[in-house]
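Number of protein chains: 4
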Amino acid sequence: MIRVSIIGGSGYTGGELLRILSNHPQVEIDYITSRKLDGVPVTKVHKNLRGIEALEGLTFKNIPPEDIDSDFVFCATPHGVSMEIVPVLYERDIRIIDLSGDYRFEDIEVYERWYNRRHTGKLEGVYGLPEIYRESIRRGKLVANPGCFPTGAILLLAPLIKEGIIEERILIDSKTGVSGAGITPTDTTHFPNINENIIPYKVISHRHTPEIEKELKKLSTRDIKVFFTPHLVPVTRGILTTAHVFLQEERDREELLDIYRRFYRGEPFIRILQEDIPSLSGVRGSNFCDITLEVDRDGRVVLISAIDNLVKGASGQGVQNMNIMARFDEREGLYFGGLAP
Amino acid sequence: MIRVSIIGGSGYTGGELLRILSNHPQVEIDYITSRKLDGVPVTKVHKNLRGIEALEGLTFKNIPPEDIDSDFVFCATPHGVSMEIVPVLYERDIRIIDLSGDYRFEDIEVYERWYNRRHTGKLEGVYGLPEIYRESIRRGKLVANPGCFPTGAILLLAPLIKEGIIEERILIDSKTGVSGAGITPTDTTHFPNINENIIPYKVISHRHTPEIEKELKKLSTRDIKVFFTPHLVPVTRGILTTAHVFLQEERDREELLDIYRRFYRGEPFIRILQEDIPSLSGVRGSNFCDITLEVDRDGRVVLISAIDNLVKGASGQGVQNMNIMARFDEREGLYFGGLAP
Amino acid sequence: MIRVSIIGGSGYTGGELLRILSNHPQVEIDYITSRKLDGVPVTKVHKNLRGIEALEGLTFKNIPPEDIDSDFVFCATPHGVSMEIVPVLYERDIRIIDLSGDYRFEDIEVYERWYNRRHTGKLEGVYGLPEIYRESIRRGKLVANPGCFPTGAILLLAPLIKEGIIEERILIDSKTGVSGAGITPTDTTHFPNINENIIPYKVISHRHTPEIEKELKKLSTRDIKVFFTPHLVPVTRGILTTAHVFLQEERDREELLDIYRRFYRGEPFIRILQEDIPSLSGVRGSNFCDITLEVDRDGRVVLISAIDNLVKGASGQGVQNMNIMARFDEREGLYFGGLAP
Amino acid sequence: MIRVSIIGGSGYTGGELLRILSNHPQVEIDYITSRKLDGVPVTKVHKNLRGIEALEGLTFKNIPPEDIDSDFVFCATPHGVSMEIVPVLYERDIRIIDLSGDYRFEDIEVYERWYNRRHTGKLEGVYGLPEIYRESIRRGKLVANPGCFPTGAILLLAPLIKEGIIEERILIDSKTGVSGAGITPTDTTHFPNINENIIPYKVISHRHTPEIEKELKKLSTRDIKVFFTPHLVPVTRGILTTAHVFLQEERDREELLDIYRRFYRGEPFIRILQEDIPSLSGVRGSNFCDITLEVDRDGRVVLISAIDNLVKGASGQGVQNMNIMARFDEREGLYFGGLAP
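Chains as they are written, first to last, in my numbering: chain V, 847 to 1187; chain D, 847 to 1187; chain F, 847 to 1187; chain U, 847 to 1187.
Be careful, since some hints might not be right.
As the list makes no split between identical chains, a pair holds if one copy fits it or if it spans any two.
To be verified - The calculated EDC-like cross-link candidates involving lysine to aspartate or glutamate, where the alpha carbons are at most 20 Å apart (straight line), are: (1) Lys-1060 to Asp-1142; (2) Lys-987 to Asp-876; (3) Lys-1048 to Asp-915; (4) Lys-1060 to Glu-1009; (5) Lys-1048 to Glu-930; (6) Lys-1048 to Glu-912; (7) Lys-882 to Asp-1142; (8) Lys-1071 to Glu-1100; (9) Lys-907 to Asp-953; (10) Lys-1048 to Asp-1122; (11) Lys-1060 to Glu-937; (12) Lys-882 to Glu-1100; (13) Lys-1071 to Glu-1013; (14) Lys-890 to Glu-958; (15) Lys-882 to Asp-1033; (16) Lys-1071 to Asp-913; (17) Lys-1048 to Glu-1121; (18) Lys-968 to Asp-884; (19) Lys-890 to Asp-1033; (20) Lys-1063 to Asp-915; (21) Lys-882 to Glu-1009; (22) Lys-1008 to Glu-874.
Hints are computed from structural coordinates only; laboratory data are not their basis.
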């Protein structure tokens, strides 16, 4: 049994952590913090969790990180806020899973340029993608949970990049549900504006671009360039990522699928689809990442992955990291199928 | 050719007025005002209208009502704002169609109680439901355009009420699209909150209740009571109204439909459905109101109407009123089918 | 540990049973049958469940009920099919939870009239609404799982009916998601037809009407009449039920809520909301039923409930019944919050 | 005034032709044919058009093409059916706009390979993209109306291809609404399956690929290769096309936008967006095609277009072609803004 706190628990990722952790047999929730909601029952905000005994009496607390002494802390805080909080926990040897972008970059200058703010200083951390960094995560004190788009894109491309058989340019065209924009209403997320609509955004300038690129580069023996374009679509949950790359030498679909099956052998949350195509319905509410690919003429490969942006793309992956760090079964609390239809 | 201005043109009803009026062969748009968007091209806000020659060069103006000398003015202003503007236009003999609730009530106390504000004072106006008040509208100087729910509900019940054959209690259960909540984002209209959801609201206290009731009372020889409950559903446009009433004496469906066909004979925008059931798809984007009914055991009647809340429920009906006042063909600019699928 | 089979497992309720039972610690799945899909892996149909170890290797079997010797059998078969299968299991002392309407009626004539088919013959069964019939269910051999609309409506009205303080006429206006129409595509469920639409249907003739009425009558000391009108709305899961009734004597909201809190004291899946209003988001994917009410002038009461039609409205309630029959903790496998956003 | 018939008028493109033509001041509708619906009023199928006087009394006729003597005939028939009908009309000098793929290919072998059927024989036709082939269309006897994806893709890429400044490989990632799949329900279009979902399909093998490629090749002085991947998204109308290409030499955004503005100067239905990004909301229900682009590092260009698949992508473009052929104002009956919100 471990004691776990959530800092910044009033948003979607905080709610999703609660949903998952309240069902986790080896977790006791310590604190869930909020600056504005001190004293408010958590189920008043996360109404879907009303009636769950484990959460009865749990209220948001406006408590500083100095006063938290849990075994694990999830920072579900925005970019820029995490880097004020994490160092305080870090020096007190609390194990941290940070859901923001603040500790995802080895190169702090890249972070500062793309996130357009000064960083408070690097800390020894590990990029929390279990399928690639499981061993480091196990020993990690600070895990930087990957971004939602990067999770779908890196898992989709890693095996092929590592194999070293594709050309330099990697085109990634992603489609995300609206929950990825967070819990705060905006013009874009106003129902009449995004319903029956598709909105491309930051088509050459999304800050998940450098995150994807630096991770893929680490796997590659040659130079690569990532070109990333996201689109907002009228669904609540899910990211569908379509990557377009070119093979340097001829390979057929079966050979490529074998590369994927080998790379992900034994992975509990990766499903390589032979006959079906990934779609959001298959992963909604679950921690799975579905992947397939097709080989076109001229060595073009279309790769497709689907994840739930709030689960494998955020809170679920965070719990998966916690399970690894705590040496639990990695699937604990996470091993359920998606909600379909 | 008449000259027309729109006061408060940056919202959904303003945009819809522009969409309709820019296609109206006898209308020239004078001003479209906005306090905040002075100088901004209207198509920068209403992007669906980009490229329409009639609107090229048209910008929002922050112009006081004193400086408007159009033949007709639409006030697409919120409740409380209209009553500051309308009197200024009224005394200068400009003909006004007010889309707010400010002039819908003969009894100013009812307004003040339900809208929770002081009124600046009654003006001689007419309730702008053409199917009932066409002659008064024709001569009207100030037309109070009906609310969206009242349009669907009054048109649905008027023939039966007038016939004097139903019991006192009238239960109205309405389902509205999200555009009815206006252009400003809120928690409720945040896509992840209303998508895949149905939200009942103000279930006993919606201020369209007294508007429906006072209109139906005028048609009735006996006392009636309106009980009205709205629900928000995840569609952008449309109101589906289901009314449940009881007959005082036995009548079959055909007799009742005959009452409706007689009452609405010659009406260009009312469609009494014999075989189909009204649904939003049939009226989306159009000025039509579809109506049908069924007779259950024990004299229960279920009545159903469908309108587009922004067209027949607001701007389209406003233009219909303008056509009547200007003695144009009532269908001018409005006589198109809905958008389906 | 009990062994459980599902007859007719290729539809939505079959998939939902699998989703729930595959996470149930005391259940081993024996057979899941399908006439057409013999030999096909279940996760080829229920793709959201791919990768779940407990379901690996599980294929649909075309196996007659005679060859099933599980401890419990769920019949997720259509009306008319169940009554061919259930007797075979019944006489072999297998405990049965039937999701069809075939065994919901004590009065076989009512069934035959509303379902328009001959019945193969009554069996000793119990109506599977745990909040009302828990003790009979515990001892039951055959449980007739309630319909989706009846679950939402009966739970919503039972306390008030039992209290004997409302008038005879009960108006129920329900809104259901499209998954209630089943897995087979039709014109109505074709996305362009129901998206952005609301479709009232069987507005005076839905066969859940007599099911609701006979159950409420059993709770009532006086005569009651149920008038039920359903609407199809563009969401996948969920039923929102709005009931309109009149009090015989004055009561305020707090008194009525107290009646509900007393009636449902200790119920693990009923949540009486004091401050919020039920909506689909609060129950999606969960076995909860949310309820609240408001008291209007003239003793009108608006009551609102929300359930997930595939969980509390079908498969979840089925598992709840199984838990009761097997004397497990009633919440086993079902005690998770909904998926929100 | 011209007399116009529609062959195969019961589907979505037939309905959309009716919606547009019933508002066209110079068109009289002659026949609208259907094999199965002989004698049925057209507004019984296209219910959104009920109450429009111009369509009163109009019924579907099961009439062979030999008996049609209109000035213009739209074939809204499926691939394979058109090529049985068109020759009959063609030899009788009726001017034809065919919405199927049957006459889009100069090279009949390409057609036969991608459509997997024998062709009845080439006819002198013109590819009906007015922005490129206006003069030939004017003189045309048979116009092959472009496919929905090709319309969005070719208009998006033509100026850049013609300029001869991009590399050979053209990656096109399209997102389409469900109405593109037609009026017949399928598993894929079943609401619970596509709602809250994104489904990539025919990711390397969609038959619009050769149509796009052969048209772009005609504009290019060098070899090009089109790689096309479509996705189905849960909206009813609209196609959002994202193209990813690379410049051969450095150009900035402004230079490229200038190329587009020059290429499309005077075009009534093309809107080159300087500040906004195309989205479905801007074009829904209208004949406009919105276009913009961004220039990324390394000469990558992201191009985005939005159309309504049933209007500019099918029936609207058909009417635009008819207007050109009949020497009407090209905008007649088509010059209205989209429906937003």
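Against the structure, the hints:
1. Lys-1060 to Asp-1142: between (27 Å within a copy, 18 Å between copies)
2. Lys-987 to Asp-876: Classified as within: same-chain Cα gap 19 Å, cross-chain 44 Å, threshold 20 Å.
3. Lys-1048 to Asp-915: Answer is neither; intra-copy 40 Å and inter-copy 44 Å both fail.
4. Lys-1060 to Glu-1009: Intra 17 Å, inter 35 Å, cutoff 20 Å: intra-copy only.
5. Lys-1048 to Glu-930: neither (27 Å within a copy, 42 Å between copies)
6. Lys-1048 to Glu-912: Answer is neither; intra-copy 37 Å and inter-copy 44 Å both fail.
7. Lys-882 to Asp-1142: Intra 53 Å, inter 34 Å, cutoff 20 Å: neither.
8. Lys-1071 to Glu-1100: neither (26 Å within a copy, 24 Å between copies)
9. Lys-907 to Asp-953: Close neither inside one copy (34 Å) nor across copies (50 Å); limit 20 Å.
10. Lys-1048 to Asp-1122: Answer is between: at 12 Å across copies they meet the 20 Å cutoff, but 31 Å inside does not.
11. Lys-1060 to Glu-937: neither (27 Å within a copy, 64 Å between copies)
12. Lys-882 to Glu-1100: neither (54 Å within a copy, 30 Å between copies)
13. Lys-1071 to Glu-1013: both (9 Å within a copy, 17 Å between copies)
14. Lys-890 to Glu-958: Classified as neither: same-chain Cα gap 36 Å, cross-chain 33 Å, threshold 20 Å.
15. Lys-882 to Asp-1033: between (23 Å within a copy, 16 Å between copies)
16. Lys-1071 to Asp-913: neither (44 Å within a copy, 59 Å between copies)
17. Lys-1048 to Glu-1121: between (33 Å within a copy, 13 Å between copies)
18. Lys-968 to Asp-884: neither (31 Å within a copy, 47 Å between copies)
19. Lys-890 to Asp-1033: This pair counts as between: shortest inter-copy Cα distance 14 Å, intra-copy 25 Å.
20. Lys-1063 to Asp-915: For Lys-1063 and Asp-915, neither the intra-copy (37 Å) nor the inter-copy (57 Å) Cα distance is at most 20 Å.
21. Lys-882 to Glu-1009: neither (49 Å within a copy, 42 Å between copies)
22. Lys-1008 to Glu-874: Cα proximity of Lys-1008 and Glu-874: none, with 39 Å in one copy and 41 Å across.
Going through the hint list in order, the structure does not satisfy hints 3, 5, 6, 7, 8, 9, 11, 12, 14, 16, 18, 20, 21, 22.
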